[in-house]
Amino acid sequence: MSEPLRVAVAAITNARDEYLIARRPAHVHQGGLWEFPGGKIESGESLADALRRELREELDITPLRHHPLITLNHDYPDRRVCLEVVKVDRFEGEPRGMEGQPLRWVAADHLHALAFPAANRAIIQALTLPDRLLITPDLRCPDTLLNGLHRTLETAGPALLQLRAPRLSREAFAALAEAVIPLCRSRGTRVVLNADPELAVSLGADGVHLNARRLATLAGRPDVLDRLTLVGASAHHRDELAHAARLGAHFVLVSPVAPTRTHPGTSVLGWPGFAALAREAGRPAYALGGMTVDDIATARHHGGQGIAGIRGLWQGATEAD
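Counting from 1, one number per residue, gives the positions in the sequence shown under our numbering.
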């Protein structure tokens with residue numbers, strides 16, 4: 001098959017954290033659906049050059065600042081398409097539909113309710129997920145974990161938390177989750193459980209995280225995942241990424257990006273390795289392994305959603321007690 005058709009796509013945001021979308025003409029393929037602005041990257045043209053040209057032609061604006069958001073690949077019977085999506089947070093001019101297309105500013109949380117081409121769904125997921133994902137440390141004492149969680153939410157207020165407590169029994173873990181979920185929701189933080197998906201559903205969690213062991217046991221997507229808003233998965237190499245995609249994971253944690261105290265001597269991906277996997281993921285990818293908040297901008301520069309971590313985000317005891 002020939003080289004993929006490269007397409008520049010812009011998620012343009014304003015000061016109210018709304019995103020600009022346009023309606024496709026009724027007579028074209030997938031007409032009437034909403035989409036993010038953009039167009040074909042011409043031969044020999046850079047992404048930045050294509051972005052400037054397309055946004056000037058379509059919207060009469062000039063992008064002033066942008067960063068990579070997500071890369072999406074799709075194979076049609078006769079063509080491969082690569083959507084190179086960037087987030088534009090500064091621009092010059094007042095957007096107007098230069099081709100007669102209706103425009104609309106929409107809050108990120110409301111984008112899910114509108115009709116988009118299927119490929120745009122991963123873009124919306126990237127726009128609604130935060131740039132940091134907190135993983136709870138392996139603490140045997142639930143009270144110690146809850147105390148640390150209170151301090152962490154007060155200090156950083158992460159919008160996504162993975163509850164992980166591998167040394168607790170199923171019953172103790174369930175009791176801990178029943179305390180963690182309402183606490184996090186009161187602070188606007190969503191919770192995914194590193195546990196059996198059925199347990200996540202029964203406890204009313206927002207989602208589940210499939211670690212490498214659990215991911216490997218699933219030959220296909222179980223129906224229970226359809227009952228969860230968020231499904232995350234661990235990925236250390238291309239095969240795990242591909243399996244996460246087959247299971248319909250909404251995001252992945254790619255690791256290890258940098259050395260960690262808990263796994264000394266382990267071979268790491270480095271930022272080039274992370275960027276390669278993030279580009280192939282087809283869904284938001286968090287950098288995991290030795291990350292701190294100072295690495296968020298670097299992760300985004302390399303095409304990631306942001307960072308995931310324990311020590312770099314947690315306020316309180318982290319050593320197993």
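One or more of the hints may lead you astray.
Claimed, not checked - Simulated DEER-style distance windows between Cβ atoms:
hint	residue 1	residue 2	range
1	94	53	14 to 22 Å
2	103	67	18 to 26 Å
3	100	318	52 to 60 Å
4	220	298	22 to 30 Å
Everything labelled a hint here was simulated from the structure, so no lab data went into it.
The beta carbon of each residue, even a glycine, is placed where N, CA and C say it ideally should be.
Results for each hint:
Distance hint check for residue 94 and residue 53: the Cβ-Cβ separation is about 18 Å, which falls inside the suggested range of 14 to 22 Å. Between residue 103 and residue 67 the Cβ separation comes to about 23 Å, which falls inside the hinted range of 18 to 26 Å. For residue 100 and residue 318, the Cβ-Cβ distance of about 57 Å falls inside the hinted range of 52 to 60 Å, so the restraint holds. The beta-carbon spacing between residue 220 and residue 298, approximately 36 Å, falls outside the hinted interval of 22 to 30 Å.
Of the numbered hints stated above, the single one contradicted by the structure is hint 4.
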